[in-house]
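Q: So you can see what is in the structure, the chains are spelled out below.
Number of protein chains: 4
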Amino acid sequence: MRLRMGMVGGGLDAMAGELHRRAAALDSRVEFVAGALSSTPERSHTAAKAWGLARGYGTWREMLEAEQKLPAAERIEFVTVATPNHLHVPVSAAFAVSGFHVACDKPIGISLEEARSVCRVVEKSGIVFMLTHNYTGYPMVKQARHMIAGGELGDLLKVVVDYPQGWLLQPIEKQGHKGAEWRTDPLKSGAAGCLADIGSHAQHMMHTVTGLEIEELCADFGHLHGRKVDDDISILLRFRGGARGMLSASQVMAGEEGGPNFRIYGARGALEWKQLEPESLVFRQPGQPVRTLRRGEPYLCDATKRASRLPPGHPEGYYEAFGNLYRNFADAIIARRKGVRVEEDFPTAVDGARTMAFIETALESNAAGGRWTKVKDHKH
Amino acid sequence: MRLRMGMVGGGLDAMAGELHRRAAALDSRVEFVAGALSSTPERSHTAAKAWGLARGYGTWREMLEAEQKLPAAERIEFVTVATPNHLHVPVSAAFAVSGFHVACDKPIGISLEEARSVCRVVEKSGIVFMLTHNYTGYPMVKQARHMIAGGELGDLLKVVVDYPQGWLLQPIEKQGHKGAEWRTDPLKSGAAGCLADIGSHAQHMMHTVTGLEIEELCADFGHLHGRKVDDDISILLRFRGGARGMLSASQVMAGEEGGPNFRIYGARGALEWKQLEPESLVFRQPGQPVRTLRRGEPYLCDATKRASRLPPGHPEGYYEAFGNLYRNFADAIIARRKGVRVEEDFPTAVDGARTMAFIETALESNAAGGRWTKVKDHKH
Amino acid sequence: MRLRMGMVGGGLDAMAGELHRRAAALDSRVEFVAGALSSTPERSHTAAKAWGLARGYGTWREMLEAEQKLPAAERIEFVTVATPNHLHVPVSAAFAVSGFHVACDKPIGISLEEARSVCRVVEKSGIVFMLTHNYTGYPMVKQARHMIAGGELGDLLKVVVDYPQGWLLQPIEKQGHKGAEWRTDPLKSGAAGCLADIGSHAQHMMHTVTGLEIEELCADFGHLHGRKVDDDISILLRFRGGARGMLSASQVMAGEEGGPNFRIYGARGALEWKQLEPESLVFRQPGQPVRTLRRGEPYLCDATKRASRLPPGHPEGYYEAFGNLYRNFADAIIARRKGVRVEEDFPTAVDGARTMAFIETALESNAAGGRWTKVKDHKH
Amino acid sequence: MRLRMGMVGGGLDAMAGELHRRAAALDSRVEFVAGALSSTPERSHTAAKAWGLARGYGTWREMLEAEQKLPAAERIEFVTVATPNHLHVPVSAAFAVSGFHVACDKPIGISLEEARSVCRVVEKSGIVFMLTHNYTGYPMVKQARHMIAGGELGDLLKVVVDYPQGWLLQPIEKQGHKGAEWRTDPLKSGAAGCLADIGSHAQHMMHTVTGLEIEELCADFGHLHGRKVDDDISILLRFRGGARGMLSASQVMAGEEGGPNFRIYGARGALEWKQLEPESLVFRQPGQPVRTLRRGEPYLCDATKRASRLPPGHPEGYYEAFGNLYRNFADAIIARRKGVRVEEDFPTAVDGARTMAFIETALESNAAGGRWTKVKDHKH
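Protein chains in written order, with this note's numbering: chain A, 1 to 380; chain B, 381 to 760; chain C, 761 to 1140; chain D, 1141 to 1520.
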């Protein structure tokens, strides 16, 4: 039985919509039936037709209204929000209060206050909310999380996360590149640029894998071409409990394809993972041979095994990682129908709020010239 | 508009069927509607139900008969043959003569004579026939083919292809492993074991990328645990035109995940590719920095670009490569409907015959103690 | 004709002395004849005997006095200072004012004031002074320096240097490890621990390769086991001209062997180098295949070629890099004899002062809780 | 106390002499005092002067005669033979019968009969004879040997050794390249080209690490540019006891720097090593994380530790590996003086004879069109 999916946005920036569409479809558990896919009714209808959707809408409000009136057996069960950042919360909240489950692209919104409001709506409405920090869907990331939670590294001492990209090295936002346009426009992306776009992935990865909470941070940002938002970020971190960290991300690093990549050091061992070699997790222990754990092998933890579709020797990649989010999201929705709450092995609204607190604090630190700043409370 | 797909086999060996199902679905151009999925009617029906197929059949003959009687707008348009090897030709040929297009798992059959008969049926019936040597679907393999065809390596001198696996190191065929059972049973796999199973991939890769035709070969096989078929092969090659080669494959190499991997040397340069790092193609030229070409980049050839779904930094893998075969297969079917023949950028029945000639020659060479043996003519 | 070499220190910490001894001997241009090798006369004489030196002395003062009295044709021409840090300047300065050339281990001393005094002595005495930041002796580091100086990266935007080690993860200084003892004792190493020991290498590497001068920095240090000096450092950098950087080093990263490693990003390209794979330099340019330059190849710059002893395919390593410093040092000494000053392709006293300014500033920044701090002027 | 070393040859082909000179000097246990370094008296004297030797001779016969007459405390104790292959045996044997120890470049000679004669002379004279297959001096090669001898791989099944080079892709022997000239001239190199030059390294590596003896082989050679000797070899191997192998080497593989590289598969595990990454040994076991053993670590065997000069994080390379041969050779000579015979952890005359049997058999197999041929007995 398939879940009926709708999407808001995704037609403007071809890539994001396409990613969600394919990721959701990967395990044949989702049927994509309705959408309000672009910023004008005309383009929305064109996009819906191009994708062969059963129901194309001109605007997301129209879609929300119409879907609500459909019989339960026809209407969408969840909506994917793939708009520019400034619309994440308005759309997510509207669908959530109407009882639709929500898969929202990252970051959750453009302010911590917005994020908290989503948390409240989610809690009150009882819907399932997923934030698509897709990189944490990789099997070997789950293995790292498992090993750290199990104490295999001992107390954590230092965490290094980096997300290097190069696609904004030239001012392509002035040359008609839609994705670059809104990402460098504070009205659409919020006050944060690279920080929100991929720095958020790096922070979420760091938290997911280590469980550490940032206590204070010191941020230093750069931007080229007179951009109004950052395109390169360097942040020092102090975690609760005493560990330290470095988080960096950039969209102006010549020739870099992307991350996130992490190295995590503890009192007894260390783990290293790179998104471009996602099937390997390197485990170092003092005085021991370096161990490379590989996806698909029998020694991995259950969550990692469940996140794997192919045996070793058959490389999995980005889509499978993204699909793992949708797979677990679908499980949670189906359980919720039955009144059951299962463990949600995907990023949640609370994760989104934590990330917005990080973003706002980093913006504040950088604006103050790189002052150490306590991270805001994301819970209240 | 989606193509309706049926499948024969694929339920016995969970992996092969699953691979075809997902690969075919990857671009949402195929709808999987019917199947005779296993070797007994009971298990076939169970499998069809498990996969939610519209029409489950007890046997492939039943399926063929029933589908033919359906209206054109309902019946399957192509069948995927995912049975053990000995059934490839009977099933493929029966569907082909009835006008169904065929996607057949490799190798094409269990004898060169069988393979030739398929070629004749394909030619006569006018259907589209695809042999799923999926590894040649990788984008960077297409790039290697393009560069060699374009003369960037100069005259070829030496070709090295290797496909190392380790999953048959223990006699798991005696412990209930279905895939191992039929692959080590000459009645089902044919006289060749590893040679047919993955050696065929290595040979097909070698031919696809270089265009070279083997003139004669010298084969030396091993087998463990009293197996009746080979599980480790080493073959020296002499190509028409003077180039030389080494082809090896094994299913008893401890800890190896899989290939195929190749290194190709010419008078002016060399290319290296490894299946476990499929997004990179290494290009060496004397006196030049080593160049690593990466999937998704603008400098790649058109066939490579068409075979790519994601920008750089978003790893693609096995499914995407397999899906590229089905995508091009679908294009060919749709063109064929319109009476047009497009370039078939996927393995064909002729490729299958070439591989069977290779397999039979290698078996003969090994049986003669490793004697150099002329490769049989695969065309007549 | 060989240069006669003396050494002070090097017997206490077996490794440093051995490194200098072998590096200096590598090209057979140096003859090691005299030494005051340890902190007590007894151990000094024992060490001198063990190494078969012509003249062993009990203390460095004794050595200085005695060598001065020898005929010019017998006495040492240069001294290598391989003591703990606090003795670097007293020994270096004493030999320098007496006209001996000096090869001093890094860092140059334990304060900027000390470093400046060495610069003055060097300038006044006319001797050749080399600071043994040996990692900049690697051929491919010189190649990076050449390419950046030649503008191949365009304007520099971001510099990332990291030097990860793990040997001080356990408190081995309390278990009799001599090298760990003095490195964690502020009386011997100065106020900086990891910062002075390997952070200095990272900073020197960064400056040598890019030519950038740090304008201000923000430092955050950690230390385990109640150590009085840092054992883990994270530093954000702002360079004159607008580039930004991250510099990190650690001696408590489980299982890490060592660096330094760098990634340097400019407006047109990027370079990456790792000390554990020293023969490769990775050059990325947008829209181009990744180029890996390899030691020994004809396309490299002259300084890189001169720094190479073996053709490609014959790995060179740490000793060769270290030996390159001594080779160029020997050239400079021989030229100086003839009254000629040649380009000094090795770290100088001025480099040492720059590094001490960096160290003092970083200590100050960290002590102030991680405040951005202007780097002190190392010249006056 | 240093051993006095002489050299015959090494001036013609600058590289070989230089390699021996540096490798022998690496541990300061050898003093290079005399030589007959080239093929004419004039060039020999010039070379001896250039290297600052105490005693330069015009010919090796002159050198042998003169050194014999010197007092024991002055005359050379061993001679390094670095001539083209055809002179290896005449020179080695002459010095050996006169009581000088011999370090001879590989291969031991140009025929099995020659090799056997050397074995007899060595046995009779009681001298220490070392054949400089330097690649087996790498620490991690010794570790592989240790693990296999200790049964960590179980029974061996398949061995793959490859030595790819590209320096003879162009006919540089016609353009004045001395090293290429004699290596492609059967009068100087013997009937084997690449086979003798680097194929011998590959075979020696294979035997040293595995202990396996080849029972029969099947060889297929290529050669470009009308060369009279092979420049590319592919050989299938059957070992006593049932294991199989593939050995290949080439000097015409575009852009390849060199090997040898090996992969060794057993019933319980596998080892992989590459000469260009000599500090790592990869150990695969079914169902286990891949283990990468690193030089310098505490878990390595004694012979590996003894072969290491630097701690982890300080790359060692080619010279250190070569130096390990000379170090153990020196130990053996010093022990022999005292009438003691120690384990000789370096290639011996018997190894040389085994390799010549391999070479002659491979030549014969290839000449017969690639016929499986029993390997000759190297002992009698």
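Keep in mind that a hint or two might mislead.
[Unchecked claim] Footprint (simulated), chain A over chain B, 3 or more residues, beta carbon under 8 Å:
| hint | stretch |
| --- | --- |
| 1 | 493-502 |
| 2 | 530-537 |
[Unchecked claim] The calculated SDA-like cross-link candidates involving lysine to any residue, where the alpha carbons are at most 20 Å apart (straight line), are:
| hint | chain 1 | residue 1 | chain 2 | residue 2 |
| --- | --- | --- | --- | --- |
| 3 | B | 685 | C | 934 |
| 4 | C | 1034 | D | 1328 |
| 5 | D | 1514 | D | 1313 |
| 6 | B | 504 | B | 721 |
| 7 | D | 1328 | D | 1352 |
| 8 | D | 1445 | C | 927 |
| 9 | A | 274 | C | 1036 |
| 10 | A | 274 | C | 1037 |
| 11 | D | 1189 | D | 1167 |
| 12 | C | 938 | D | 1431 |
| 13 | A | 374 | C | 1048 |
| 14 | B | 685 | C | 1048 |
| 15 | C | 809 | D | 1168 |
| 16 | B | 654 | D | 1452 |
| 17 | D | 1368 | B | 622 |
| 18 | D | 1328 | D | 1205 |
| 19 | C | 809 | C | 877 |
| 20 | A | 374 | C | 1037 |
| 21 | C | 1065 | D | 1307 |
| 22 | D | 1328 | D | 1199 |
| 23 | B | 654 | A | 146 |
| 24 | A | 174 | C | 1027 |
| 25 | B | 754 | D | 1416 |
| 26 | A | 274 | B | 672 |
| 27 | C | 1139 | C | 877 |
| 28 | A | 274 | D | 1167 |
| 29 | C | 1136 | C | 1002 |
| 30 | C | 1034 | D | 1436 |
| 31 | C | 1034 | B | 721 |
| 32 | C | 1034 | D | 1307 |
| 33 | A | 274 | A | 146 |
| 34 | B | 654 | A | 311 |
| 35 | A | 274 | C | 948 |
| 36 | C | 934 | A | 286 |
| 37 | B | 654 | D | 1436 |
| 38 | C | 809 | D | 1181 |
In short, the hints are calculated from the structure, not lab data.
Even for Gly, the Cβ is constructed at its ideal location relative to N, Cα and C.
Q: All hints, please: hold or fail.
A: Hints, verified against the model:
Figure legend: the stretch 493-502 of chain B, annotated as covered by chain A; annotation inconsistent (0 residues with Cβ-Cβ distances under 8 Å, at least 3 required). With 0 residues having a beta carbon nearer than 8 Å to a beta carbon of chain A, the stretch 530-537 of chain B misses the requirement of three or more and the stated coverage is violated. Simply put, residue 685 (chain B) and residue 934 (chain C) have alpha-carbon atoms about 60 Å apart, too far for the 20 Å limit, and the pair is violated. Of the supplied pair hints, the one linking residue 1034 (chain C) and residue 1328 (chain D) is violated, its CA atoms being roughly 42 Å apart against a limit of 20 Å.
Between residue 1514 (chain D) and residue 1313 (chain D), the direct Cα distance comes to roughly 33 Å. Violation of the 20 Å bound is thereby established for this hinted pair. As the CA atoms of residue 504 (chain B) and residue 721 (chain B) are separated by approximately 15 Å, the hinted pair is consistent with the 20 Å bound. Note on residue 1328 (chain D) and residue 1352 (chain D): the hinted pairing is violated, with a Cα-Cα distance of about 30 Å set against a maximum of 20 Å. For the hint linking residue 1445 (chain D) to residue 927 (chain C), the alpha-carbon distance of about 18 Å falls within 20 Å, and the restraint holds.
A threshold of 20 Å between alpha carbons decides the hint, and for residue 274 (chain A) with residue 1036 (chain C) the separation of about 18 Å falls inside it, so the pair holds. In summary, the hint linking residue 274 (chain A) to residue 1037 (chain C) is supported, as the alpha carbons are separated by about 18 Å, within the 20 Å threshold. In summary, the hint linking residue 1189 (chain D) to residue 1167 (chain D) is not supported, as the alpha carbons are separated by about 23 Å, beyond the 20 Å threshold. This hinted pair does not check out: residue 938 (chain C) and residue 1431 (chain D) have alpha carbons roughly 31 Å apart, beyond 20 Å.
Proposed proximity of residue 374 (chain A) and residue 1048 (chain C) is contradicted: the alpha carbons are some 42 Å apart, above 20 Å. The suggested pairing of residue 685 (chain B) with residue 1048 (chain C) holds, with an alpha-carbon distance near 15 Å, which does not exceed 20 Å. Between residue 809 (chain C) and residue 1168 (chain D) the alpha-carbon distance is near 14 Å, which keeps this suggested pair within the 20 Å criterion. With a CA separation close to 29 Å, the supplied pair residue 654 (chain B) and residue 1452 (chain D) exceeds the 20 Å bound.
A distance of roughly 17 Å separates the Cα atoms of residue 1368 (chain D) and residue 622 (chain B); the hinted pair therefore holds under the 20 Å criterion. With a C-alpha separation of about 24 Å, the suggested pairing of residue 1328 (chain D) with residue 1205 (chain D) is violated against the 20 Å cut-off. About 34 Å separates the Cα atoms of residue 809 (chain C) and residue 877 (chain C), which puts this hinted pair outside 20 Å; it is violated. Taking the CA atoms of residue 374 (chain A) and residue 1037 (chain C), the gap is near 40 Å; set against the 20 Å cutoff, the hint is violated.
Simply put, residue 1065 (chain C) and residue 1307 (chain D) have alpha-carbon atoms about 18 Å apart, close enough for the 20 Å limit, and the pair holds. Among the hinted pairs, residue 1328 (chain D) with residue 1199 (chain D) is consistent with the structure: their alpha-carbon atoms are about 17 Å apart, no more than 20 Å. Taken as a hint, the residue 654 (chain B) and residue 146 (chain A) pair is broken in the structure, with Cα atoms around 30 Å apart against an allowance of 20 Å. A hinted pair counts as satisfied when its Cα atoms are at most 20 Å apart, and residue 174 (chain A) with residue 1027 (chain C) qualifies at roughly 17 Å.
A hinted pair counts as satisfied when its Cα atoms are at most 20 Å apart, and residue 754 (chain B) with residue 1416 (chain D) does not qualify at roughly 38 Å. Between residue 274 (chain A) and residue 672 (chain B), the direct Cα distance comes to roughly 18 Å. Compliance with the 20 Å bound is thereby established for this hinted pair. Proposed proximity of residue 1139 (chain C) and residue 877 (chain C) is supported: the alpha carbons are some 10 Å apart, at most 20 Å. Restraint check for residue 274 (chain A) and residue 1167 (chain D): not satisfied, since their Cα atoms lie roughly 40 Å apart, outside the 20 Å limit.
At most 20 Å may separate the alpha-carbon atoms for a hinted pair to count; residue 1136 (chain C) and residue 1002 (chain C) meet this at roughly 18 Å. Restraint check for residue 1034 (chain C) and residue 1436 (chain D): satisfied, since their Cα atoms lie roughly 18 Å apart, inside the 20 Å limit. The straight-line distance between the Cα atoms of residue 1034 (chain C) and residue 721 (chain B) is roughly 52 Å, outside the 20 Å bound, and the hint therefore fails. The suggested pairing of residue 1034 (chain C) with residue 1307 (chain D) is violated, with an alpha-carbon distance near 27 Å, which exceeds 20 Å.
Note on residue 274 (chain A) and residue 146 (chain A): the hinted pairing holds, with a Cα-Cα distance of about 17 Å set against a maximum of 20 Å. Among the hinted pairs, residue 654 (chain B) with residue 311 (chain A) is consistent with the structure: their alpha-carbon atoms are about 17 Å apart, no more than 20 Å. With a C-alpha separation of about 40 Å, the suggested pairing of residue 274 (chain A) with residue 948 (chain C) is violated against the 20 Å cut-off. Between residue 934 (chain C) and residue 286 (chain A) the CA atoms are separated by roughly 18 Å; this keeps the pair inside 20 Å, and the hint holds.
Between residue 654 (chain B) and residue 1436 (chain D), the direct Cα distance comes to roughly 30 Å. Violation of the 20 Å bound is thereby established for this hinted pair. Among the hinted pairs, residue 809 (chain C) with residue 1181 (chain D) is inconsistent with the structure: their alpha-carbon atoms are about 41 Å apart, more than 20 Å.
This entry does not satisfy hints 1, 2, 3, 4, 5, 7, 11, 12, 13, 16, 18, 19, 20, 23, 25, 28, 31, 32, 35, 37, 38, going by the numbered hints stated previously.
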